[in-house]
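Q: Assemble the whole structure, with the sequences as input and the hints as a guide.
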Amino acid sequence: MSEISVIGLGAMGAALAQALVKAGHSVTVWNRTPRKMEPLTALGANGAASVLDAVQASPVIIVCIDNYTATNKLLRADDVVPHLSGRTVIQLSTGTPKEARECEAWMKNCGGDYLDGAIMVYPDGIGATDTMILIAGSEAAFERCKAFLKCLGGDLRYLGENIGAAAVLDLAELSHSLGKYVGFAHGARLCEAEGVGADLF
Numbered sequence: 259m260s261e262i263s264v265i266g267l268g269a270m271g272a273a274l275a276q277a278l279v280k281a282g283h284s285v286t287v288w289n290r291t292p293r294k295m296e297p298l299t300a301l302g303a304n305g306a307a308s309v310l311d312a313v314q315a316s317p318v319i320i321v322c323i324d325n326y327t328a329t330n331k332l333l334r335a336d337d338v339v340p341h342l343s344g345r346t347v348i349q350l351s352t353g354t355p356k357e358a359r360e361c362e363a364w365m366k367n368c369g370g371d372y373l374d375g376a377i378m379v380y381p382d383g384i385g386a387t388d389t390m391i392l393i394a395g396s397e398a399a400f401e402r403c404k405a406f407l408k409c410l411g412g413d414l415r416y417l418g419e420n421i422g423a424a425a426v427l428d429l430a431e432l433s434h435s436l437g438k439y440v441g442f443a444h445g446a447r448l449c450e451a452e453g454v455g456a457d458l459f
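Each residue of the sequence shown is one higher than the one before, starting from 259 at the first, in the working numbering.
A portion of the hints provided could be inaccurate.
Capping the alpha-carbon separation at 30 Å, the derived lysine-lysine pairs in DSS-like fashion look like this [claimed, not checked]:
| hint | residue 1 | residue 2 |
| --- | --- | --- |
| 1 | K331 | K408 |
| 2 | K408 | K294 |
| 3 | K280 | K356 |
| 4 | K408 | K366 |
| 5 | K331 | K404 |
| 6 | K356 | K331 |
| 7 | K331 | K294 |
| 8 | K294 | K280 |
| 9 | K404 | K366 |
| 10 | K280 | K408 |
Beta-carbon label-pair distances, calculated as ranges [said to hold, decoys possible]:
| hint | residue 1 | residue 2 | range |
| --- | --- | --- | --- |
| 11 | L448 | N367 | 25 to 33 Å |
| 12 | M259 | G369 | 14 to 22 Å |
| 13 | S284 | S343 | 18 to 26 Å |
| 14 | G305 | N330 | 22 to 30 Å |
| 15 | Q314 | K366 | 19 to 27 Å |
| 16 | G453 | P381 | 40 to 48 Å |
| 17 | H341 | A363 | 13 to 21 Å |
| 18 | L448 | E419 | 44 to 52 Å |
| 19 | A443 | A363 | 35 to 43 Å |
| 20 | P381 | A300 | 13 to 21 Å |
| 21 | F459 | M259 | 52 to 60 Å |
| 22 | K356 | R447 | 32 to 40 Å |
Source of the hints: derived by calculation from the structure; they are not laboratory data.
These numbers were taken from a predicted model, which means no experiment stands behind them.
Just so it is clear, CB atoms sit at the ideal spot from N, CA and C, and this is done for glycine as well.
A: Here it is in structure tokens:
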């Protein structure tokens, strides 16, 4: 049995798993495309043959895939659900506060704990001391998982038991960033219309 499982080995999921392995944790990994597990098993991670195997392997499961809908398809499979009792799922996929609340309620019904998180950097920032990771959910579950999460980012911020907090802050930051880009593009067009080079702007 390993300490923690990581489901989903895209660029971000692979970075999370690698950071955990390099920190000395016993890690099980699973990905729909098995070859993506190979670089991590070469580092010492255990490769799981299925989602069920990944869930059974560890008391803590990180999920980092496209979205909450994809997470639901994997974890709500008939063979997986009975094994979620007593386990903690840390959702690091992108979603909304409403989806986070639904996932938390469902996990509680399964007899498990649920933490919802947001990663505020690109994959190459995972493991850095200044990498910000936001986590919401049960304080007791957070304390149990804190050592794992600290390996992923040194600027770990627990937001309290409002499970939607991480998701809404992630969306708010995205809105802020997009607003800056749109504002810059508009400003550049204004300069262009008056014959002023965008480089001066």
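Q: All the hints need checking, so say for each whether the structure fits it.
A: Outcome of the hint check:
1. K331 / K408: holds, 28 Å
2. K408 / K294: This hinted pair holds, its Cα atoms lying about 24 Å apart.
3. K280 / K356: violated, 34 Å
4. K408 / K366: holds, 25 Å
5. K331 / K404: holds, 27 Å
6. K356 / K331: holds, 17 Å
7. K331 / K294: Holds. K331 to K294 sits at ~20 Å (cutoff 30 Å).
8. K294 / K280: Satisfied, since the Cα-Cα distance of roughly 17 Å is no more than 30 Å.
9. K404 / K366: Since the Cα atoms of K404 and K366 sit roughly 20 Å apart, the hinted pair holds (cutoff 30 Å).
10. K280 / K408: With Cα atoms ~13 Å apart, K280 and K408 stay inside 30 Å; holds.
11. L448 / N367: 25 to 33 Å: With a Cβ separation near 54 Å, L448 and N367 fall outside 25 to 33 Å, so the hint is violated.
12. M259 / G369: 14 to 22 Å: Check passed, 18 Å falls within 14 to 22 Å.
13. S284 / S343: 18 to 26 Å: With a Cβ separation near 21 Å, S284 and S343 satisfy 18 to 26 Å, so the hint holds.
14. G305 / N330: 22 to 30 Å: 24 Å Cβ-Cβ, so the 22 to 30 Å window holds.
15. Q314 / K366: 19 to 27 Å: holds, 20 Å
16. G453 / P381: 40 to 48 Å: holds, 42 Å
17. H341 / A363: 13 to 21 Å: For A363 against H341, whose Cβ atoms are near 19 Å apart, the range 13 to 21 Å holds.
18. L448 / E419: 44 to 52 Å: holds, 46 Å
19. A443 / A363: 35 to 43 Å: Once the Cβ atoms are compared, 41 Å apart, the range 35 to 43 Å for A363 and A443 holds.
20. P381 / A300: 13 to 21 Å: holds, 18 Å
21. F459 / M259: 52 to 60 Å: Given a distance of about 58 Å, which is inside 52 to 60 Å, the answer is holds.
22. K356 / R447: 32 to 40 Å: Because 36 Å falls inside the window, the suggested range holds.
Violated hints, in rising order: 3 and 11; the structure is consistent with all others.
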